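Protein chains in written order, with our numbering: chain A, 111 to 325; chain B, 111 to 325.
Hints may contain errors.
Identical chains share a label here; the pair holds if one copy fits it or two copies do between them.
[Unchecked claim] Here are the simulated DSS-like pairs of lysine-lysine, each with C-alpha atoms no more than 27 Å apart in a straight line:
hint, residue 1, residue 2
1, Lys152, Lys197
2, Lys197, Lys132
3, Lys112, Lys239
4, Lys291, Lys226
5, Lys132, Lys226
Just so you know, these hints were derived from the structure itself, not from any lab.
What you are looking at is a predicted structure, and each value in this text was computed from that prediction instead of being measured.
Protein chains: 2
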Amino acid sequence: MKLYSYFRSSASYRVRIALNLKNLPYEYVPVHLVREGGEQLKPAYRQVNPEAIVPSFVDDEHHTIHQSLAIIEYLEETQPEPPLLPKSALDRAYVRSLALQIACEIHPVNNLRVLKYLKHTVGVDDATKDAWYRHWIESGFETLEQRLAQDPRTGKLSFGDTPTVADLCLVPQVYNANRFKIDTTRYPTIQRINDYALTLDAFARAEPGVQPDSE
Amino acid sequence: MKLYSYFRSSASYRVRIALNLKNLPYEYVPVHLVREGGEQLKPAYRQVNPEAIVPSFVDDEHHTIHQSLAIIEYLEETQPEPPLLPKSALDRAYVRSLALQIACEIHPVNNLRVLKYLKHTVGVDDATKDAWYRHWIESGFETLEQRLAQDPRTGKLSFGDTPTVADLCLVPQVYNANRFKIDTTRYPTIQRINDYALTLDAFARAEPGVQPDSE
């Protein structure tokens, strides 16, 4: 198995946690998203993934898989232990909806290429760009906190006490929030889940700071 | 079953197609996203869905399901016929990755609340906002077209000749592109798939123009 990854990419970070939880060894192929305008935009990487984003995952060499959540569902189907989704359909839907709230509502709006467009094409200054970044994390975390704080299924982690795909999305998003110095004490359930998750080996080994391409 | 929907919401549109394909009757509960600043932001709807977005789906009255793709995966698990995902894990990953490319890379950046923030908080003019909208559809469709045009699994639809979750995301996104007068002839495979899908009854009955709250 091979993972095209960038240490700071939160979508890559999600898949690294999944691979670690399922005890799957993999080759780490770094793709530097910033150096020389971004290696993901060069023809060599576009041949791997025409979307020009990370992660890309290779299990069968003829079929590179795009999109972190598609990769994680693939791992769940082909390497079911330990499961990253609960058993009942309603609970699975709930966990997926938490993951998708982060993956579809918070993360994409703060994607590197969106921030670049905002700065270079729309022409906003750095203060406006930073406010934009914080706004989408803060408004997203506010409702995520409300959901997690109210739902009786919340445990040490987003769903009970064992990791699910919701935690795989939550922890990298908290990492981004911390990078931008967002006050996460306003989201105590999110912070508690994040802090507990990072005591687990599979999460700790997936952290950006310990990747081969970390700076 | 109950679906909180807005006729023009592409995430709602995805779920409407899924429900129609699976022949599931449902109660349509309209939530007007624009009138009076948006019904989704009022306390009554926030009680249904604190994310304050549509769609929300109710099967079990104690558990409202958020997020269109979580709803569709739930339907796939509880009402498996006809399937909206292929059989093999690699093919399922491919179809999910097409759906997620639209749901995570194109659609969220053009979400109503992002456009509102861009206009009212960043303070851009309408021309800049429209260029933003078009940019994310055009750059997203360019790589989606490339993937669909090159992959031998593309048929009359995104994967073979029967509808999958990829088509459920593609058709509503083309609807948005048409609303903004984007020249979709530049994406012949996408256009061909869209045109064929709309000849199918389940897609036609899900179109915004024939919903109870259509204007």
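Checked hints:
Taking identical chains as interchangeable, the C-alpha atoms of Lys152 and Lys197 are never at most 27 Å apart, the minima being 42 Å within one chain and 34 Å between chains. Taking the shortest alpha-carbon separations for Lys197 and Lys132, both the intra-copy value of 17 Å and the inter-copy value of 22 Å come in at or below 27 Å. Taking the shortest Cα distances, Lys112 and Lys239 never come within 27 Å of each other, neither inside one copy (34 Å) nor across copies (39 Å). For a Cα distance limit of 27 Å, the shortest separation of Lys291 from Lys226 qualifies both inside one copy, at 20 Å, and across copies, at 25 Å.
In this homomeric assembly, Lys132 and Lys226 never come within 27 Å of each other (Cα to Cα): the closest approach is 35 Å inside a single copy and 41 Å across copies.
Hint violations for this structure: numbers 1, 3, 5, all remaining hints satisfied.
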